[in-house]
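Each chain is listed here by its residues.
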Amino acid sequence: MNPFDIMDCSLLIRMSGLPPAYNLRELRDRIAVCGPDVLYHHFCETPLSPTFEYPDHRNDFAVWATRRLSDKILAERLGAVDPYACPSMEGLREVVLEVIDERLSEVTMIPWARPGHEFYFMEATTLVFDSGERVRALRELPDAIGRMSNGSIYFHFLEAQRRQPVGMDDFSNWIRGFGKTGAPYVEALRRIDFYFYTLRELREELVRVLEPLRGKRS
Amino acid sequence: MNIQQYEPIVGIPVIGQLRRLGERLKGLRVVHVNSTAEGGGVAEILAWMVPLMNDLGLDAHWRVISGTNEFFSVTKAIHNGLQGYSVLLKNRDWDVYQDVNRENVKALKDELEEADIVVIHDPQPAPLLELCTRRRGRWIWRCHIDASHPFRSVWKGLKPFVEKYDASIFSMCQFAQLLPHPQYLIAPSIDPLSEKNIDLDDHELDAVREQFDLNPGVPVLVQISRFDRFKDPVGVIEAYRMVKKMTPVQLVLAGGGATDDPEGKEVLDAVMEAAEGDPDIHVELLPPAAHRTVNALQRIADIVVQKSTREGFGLTVTEGLWKGKPVIGGDAGGIRLQVVDYHTGFLVMTPEGAANRIRFLLHHREQCRRMGRTGRELVREYYLLTRHLREYLTLMYALVGQKTEHTVMV
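These protein sequence lines are chains W and P, in that order. Per my numbering, numbering of the first sequence is gapless, rising by one per residue and ending at 249. Per my numbering, numbering of the second sequence is gapless, rising by one per residue and ending at 393.
Honestly, the hints are just simulated from the structure, not real lab data. Model, not experiment: these values are computed from the prediction. Quick reminder that beta carbons are idealized off the backbone N, C-alpha and C, glycines included. Treat the hints with caution; some may be incorrect.
[Claimed, not checked] Per label pair, the in silico range of CB-to-CB distance:
| no. | chain 1 | residue 1 | chain 2 | residue 2 | range |
| --- | --- | --- | --- | --- | --- |
| 1 | W | L135 | P | E249 | 44 to 52 angstroms |
| 2 | P | M332 | W | R222 | 41 to 49 angstroms |
| 3 | P | I(-8) | W | K103 | 35 to 43 angstroms |
| 4 | W | K247 | P | R359 | 34 to 42 angstroms |
| 5 | P | T292 | W | G66 | 33 to 41 angstroms |
[To be verified] Computed, partial: chain P to chain W, Cβ under 7 angstroms:
| no. | residue |
| --- | --- |
| 6 | I(-5) |
| 7 | Q0 |
| 8 | H164 |
| 9 | P165 |
| 10 | L168 |
| 11 | Y365 |
| 12 | L378 |
| 13 | Y380 |
| 14 | V391 |
[What the hints assert, rightly or not] These stretches of chain W come out as covered by chain P in the derived footprint (C-beta under 8 angstroms, 3 or more residues):
| no. | region |
| --- | --- |
| 15 | 37 to 45 |
| 16 | 147 to 159 |
| 17 | 177 to 188 |
Using the sequences plus the hints, can you model the full thing?
In structure tokens, the structure reads:
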């Protein structure tokens, strides 16, 4: 079995170049034309962004709807959009536009944000580098995860869902190579409802779920 | 000063990540330039950033430009103009601005032209770029100011100096201006081991209580900031007076002056006048090196106040949160990123709002403690120098390699 190569990553956020949205109509129009990296950033990269850890929702559009537009109905619907359930960023874009269009058809006045509370569209570059550390046996995995940076946790568990095999984290992908021994752990990892965890909490949960591996011989 | 000292605070993974980034940038020659060696957030950031970059393997340096009183009056006006204040800058003022930079470049030219990365902090040294015609590295303009609504004529005057940079850095997306180069977002941070943030023992706190003649039995409100109109110290006194009608309380307004801020005295006089006759208001102009006093005052505080009407990032808020205090902050700039209602403190817009929230907190002590714990963890995760350093190193790697795609495999 090949060792597990621990990668690490660091996020660099920048302005996307799109003008900010002052109201829901403008938000809709910008989302319709923004690059896929912009959507990905506001939905999936929030755990690595320096913002408050426990917002009501985990994507920036839902947070803006609740905090700046004071539209809780829209916020709840946007907050329920699961980017990891969408096959692609274009699929995600369709879902988000559908939610916003539905809301626009319901309201009599377009919700506006106060000056200074506009929505700014951003994107990021993720620098991925080899940490040089390797996990060679299943029993080493819980300790190795416990030592990982937030960047490593993000890359191997969240960002991995976008890579082949799509919808699977890197730990599960490696563990399944151990056949029957690993199967229960792949299932346990699949059951983690990671969307509302901070990266620190996710790391703790991964260690907890994989704890029994410490005693395994492989 | 070395990065290993921070491991007990941020953990092994964070330090390991920085070391790996440092390995990939080993020997990179970086020069930071600003206009003051002490006083103000920028000098504080550079005081740790440069040695830690060196510890991680980079070849980093910090240079300070010097200037005349007239130059600093002009750059203060530019600063105020970027923050939206209506100021009039004549052609002669812009000439002074460039002339002082021309004087400074004589000593700096070779070093700046040879550097791989030059980071110019704030507007004061911005003209250096076009004066270094043989520059070979990448130049970054780092704007620490809330430039969300700049006074148009000031931005128009400054823009030609900054648009030629390879990239700019702003503390928040709201501050970014339309420029023809990538605009990166990097929030500032604090150093948990600096004199201003390191743990202090009770004896030291008692000594500062005595120095400021504070009654240990009465709650203390503390606002630490330069005496600057945008920090609204007079508004804080108004809020304090409203609270005091209902419950006993003491107020400390303390802050240093920076060598590039000639307006401080004027604002301090206005504050002294507003505070006159009340022995429970303690106004103190602190020397630049009074970091431990500031530290102690923030620890003595029951509530930290930062009622700014305009704010760059608000590092005094970060400092207050790190000391486990709830913060009443003005709904401005980077304070919004740090102060979240009912979680780490309250955002307010008026003296009345501040007074109401102060009264609420003084009567809900358990909530104060919970907010303090949440605030400290928020800072540990996002606003300590280790995160800040990581983002700078990532930016430098991306700039040197000219990488802008979403995922860059190193």
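Evaluation of the provided hints:
Between L135 (chain W) and E249 (chain P) the beta carbon distance is about 50 angstroms. The supplied range of 44 to 52 angstroms therefore holds. Separated by about 45 angstroms at the C-beta atoms, M332 (chain P) and R222 (chain W) satisfy the suggested range of 41 to 49 angstroms. Look at I(-8) (chain P) against K103 (chain W): about 38 angstroms separates their beta carbons, and that is inside 35 to 43 angstroms. Remark: the range hint 34 to 42 angstroms for K247 (chain W) to R359 (chain P) is upheld by a beta-carbon distance near 38 angstroms.
Between T292 (chain P) and G66 (chain W) the Cβ separation comes to about 36 angstroms, which falls inside the hinted range of 33 to 41 angstroms. The closest approach between the C-beta of I(-5) (chain P) and any C-beta of chain W is roughly 6 angstroms, which is under the 7 angstroms cut-off, so the hint is satisfied. Taking 7 angstroms as the C-beta cut-off, the interface hint given for Q0 (chain P) holds, the closest approach to chain W being about 4 angstroms. The criterion of a C-beta within 7 angstroms of any C-beta in chain W is not met by H164 (chain P), whose closest approach is roughly 10 angstroms, and the hint is violated.
The interface hint given for P165 (chain P) holds, since its Cβ lies 5 angstroms from the closest Cβ of chain W, which is under the 7 angstroms cut-off. Annotation: interface hint on L168 (chain P) holds; nearest CB of chain W at approximately 5 angstroms, less than 7 angstroms. The criterion of a C-beta within 7 angstroms of any C-beta in chain W is met by Y365 (chain P), whose closest approach is roughly 4 angstroms, and the hint holds. Hint status for L378 (chain P) relative to chain W: holds, with the closest Cβ pair at about 6 angstroms, below 7 angstroms.
Evaluation of the Y380 (chain P) hint against chain W yields a held restraint, the C-beta minimum of about 6 angstroms falling below 7 angstroms. Given hint, V391 (chain P) at the interface with chain W, holds; its Cβ is 5 angstroms from that chain's nearest Cβ, closer than 7 angstroms. Requiring three or more residues with a Cβ within less than 8 angstroms of a Cβ of chain P, the coverage given for the region 37 to 45 of chain W holds, as 6 such residues are present. Beta-carbon proximity to chain P at under 8 angstroms applies to 10 residues in the region 147 to 159 of chain W; the threshold of 3 is reached and the given coverage holds.
Chain P is given as covering the region 177 to 188 of chain W, and this holds because 6 residues of the stretch bring a CB closer than 8 angstroms to a CB of that chain, at least three being needed.
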